[in-house]
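**Q** Residue numbers (full-length UniProt numbering), protein chains in the order written: chain R, 1 to 462; chain U, 1 to 351.
Since the hints were made in silico from the structure, they are not lab data. Heads up, some of the hints might be wrong.
[As the list claims (entries may be wrong)] What follows is a set of in silico ranges between Cβ atoms, one per label pair, in the way DEER data are often shown:
1. U/Glu191 - R/Arg142: 35 to 41 Å
2. U/Thr114 - R/Arg142: 53 to 59 Å
3. U/Thr30 - R/Val29: 49 to 55 Å
4. R/Gly127 - U/Ile338: 27 to 33 Å
5. U/Pro117 - R/Gly127: 25 to 31 Å
6. R/Ala161 - U/Ala335: 34 to 40 Å
7. R/Ala161 - U/Gly203: 44 to 50 Å
8. R/Ala129 - U/Ile20: 39 to 45 Å
9. U/Glu42 - R/Phe120: 48 to 54 Å
10. R/Arg190 - U/Ala119: 53 to 59 Å
11. U/Ala119 - R/Val29: 26 to 32 Å
12. U/Ser164 - R/Phe120: 44 to 50 Å
13. R/Ala42 - U/Thr30: 49 to 55 Å
Bear in mind that the values here come from a model prediction, so they are computed numbers and not experimental data. Where is the CB? At the ideal position from N, CA and C, for every residue including glycine.
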Amino acid sequence: MNSHIPPWQMSLVARVALAVALLLAVGGVLVSVAAFAYGRQAAQDAYDRLLVGAANEIAASIAVEGTELLVDLPVSAFQLLALAPEDRIAYRVTGPAGELLTGYGDLPDPPDSPARSLDFYDATFSGEAARFAAVTRRFAERNVSGPVQVIVGQTLRARRALALEITQRALVVLAGAGVLMSLLAVFVVRSALRPLDRLAEAVARRDPYDLTPIAVPVPKETEAMVGALNGFMGRIDQQVRAMRGLISDTAHQLRTPVAALRAQADLAAGEPDGARRDAIVTRIHRRTLDLGHLLDQMLSRALVIHRGESVRRETVDLRDAALEVVEAGDVALTAPGVEIRLMIGERAVMVRGDLLSLTEAAKNLLGNAVKYGRAPVRVGASVEQGRAVLWVEDCGRGPSAALLERLGRRFAHDSVTRGEGSGLGLAIAAAVAQAYGGELVLEQVEAGFRAALILPLAEGLE
Amino acid sequence: MRILCVILCLLALPATAQEIRRSFGRQTATVRLLVRSTTDIEVFSPVIDAFLAVRPDLAVDYEQWGSNLLYDLTLSDCASGRRGADVVISSGVHQMVQLVNNACAAPHVSALTTALPAALRWRDELWGITREAAVIVYNRDLVPPEDVPLTRFDLLDLLRPTASPYAGKVATYDVESSGLGYLFAFSDAREATTFGALLESLGRTGAVATCCSAEIIDGVANGTYLIAYNVLGSYAQVAAQSDPRIGIVLPQDYTLVLSRALMIPKAAAHADQAEALLDFLLSAAGRAALSDVLLITALSDKAGAEDRPPLSETALRPIGLSPALIVALDQQKRAQFIRRWRENLSRGVRP
């Protein structure tokens, strides 16, 4: 089955999988960056507090003795800093005049010269990146007055390790979420595509001659597709039906005249008398003409039905059809001398349909009018009560009500059964009218009898 | 080229600073590892021999230094970027921590170093290689068994009477000249309030502060001193093995446990071989060699041969390799501590 799919066509599952993968990748990168930034910040905050704690303890240990500042460095401050066990410790205490009291004399100063009470800064400590906190304690004694600055620094191993750990934990959670989302995506995609599978299965399981609409319930998104498929199958179904009907009609309708012809021919072959044989031949000739006429009409009907199914509908002006019928002059050949009038106005009469089919239908109606009605015959197109009408009128009284009803039944069904053309002509007209969403109406009017194709006006047009 | 460099480096050293120097291994060895240590050369030489048995391609030049001098030398080597020792081993672990804190050490990681407990390594640049106790040494002949101090409180009681026979007969390290003595005293001060009383008693009774383990132990053996406080147990045990007059007590209130620290200076010329020596010392063979010379002891108090209850594990106070030891070398802290010491103890007889 897949071999029918062109190789570059990506399956829906692959598309969704790719989309989910992309989403996860982009989201993963973003969240990873965020996690790392968060981890760094958290580690920074945590260890900055250690620095401040130690610096404060050292600042608190400074005492004034006479004119001297004594720093009794507390071990606890360094134990606090040793909570970052792998990091080197830098410290310095400077007096009010900036003189070194104790610690490393070569430590970098805080970047801000106006000594704030607390300051963090990054610098290097004997070649290694480090973070420093500067705490200032102000003395106001008799002998010693001014700021005493305590600087405590630490290298960054513990911070980096903590940041990495936080990031890693976040990434583990993230990876778990990613896996979960992937599984969910698989589940969602499968459940979303299940109706399609069901549809494919239903179509595959179908009898090849079954052209009824697909009844499997499908989601809204695929309704259009299924609708198109059903429409397509419906058209095929109609065509197949029409074809079958045509074939059986044709066989049925031709059997009787052909059998009669054969009987006449047999008669002629066995007739010794020349004069009577001539009469039989004349009859055979007439019968042949009728048969030809019948064949024409049947072909015309086949044409109409075929075009009704297959030809793309265009916007057609019914006045063109009327004009075409009158100007074709077919009637003039079969019934010379009959007066035919064209009755069309200024207004266009637009419908959706096929000009050829409509013309053919009108020709049949005209043929009937000329053959069975009384001159003058009028052919016209007009808009009546919001509908387009293509009509043929004669001045006769039309067929009797009983015949009219019978005729109506016939063309409503399949076709005439006898070799006379009127019923078939009406059947063609009715079929055309039906094909374009209208109807054939036969009625008595003031002037006589009218046969009309009543069709819906083309939308948006008058 | 390399040999030439080593020779030049050696020539550049102040020639008279070290106390004793001895060479191990063949003279033809291509690499001569320079080890500077505070450990007595007599104690440590079997360990070096054991190492050279494993690495016969090497030779070792061993220099024995006092801890303060070794610290000063290594610090100046570090500050000037001069190529000094390949390996530095010192009992003044606070000085070693300070050296590492000053970024003087090179890192090394191996399966053996990572197997060390956290208290015995710092930053993968400093490792504790031994296990030695700070002990009380006494003269068995001159101190009656009932007088033997098992705790610091016993020692205080001995010194309390005005006419105590132990007045002037108690010795301890001089904290100013001995880095190890300072470390022990500093740790005592941190450990318990006994230290203040002890300092006062020692001062009042005219105790003697002197510089070196060997001198103190000899003094106890020959009766110059009756009792010595805070002596490095390993040396005392070595002496006790050959001298029945020497008795040893692991103080039962608490016993400081020291791990000599080893570092590889950043500028070491033979860092690879230095790492090999470190890994050897941490290996089973190295630990066996260190145990043989009593640098690693079980601390079961068996060395004294007395029938005393074993020391409880909670009484052990290991001096861990921690950046907190930096406090010990702080200029002001050290000055204050020594002043306090000096106010109590006058400087004793010095050689």
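**Q** Could you work out which earlier hints the structure fails to respect and list their numbers in ascending sequence?
**A** 11 and 12
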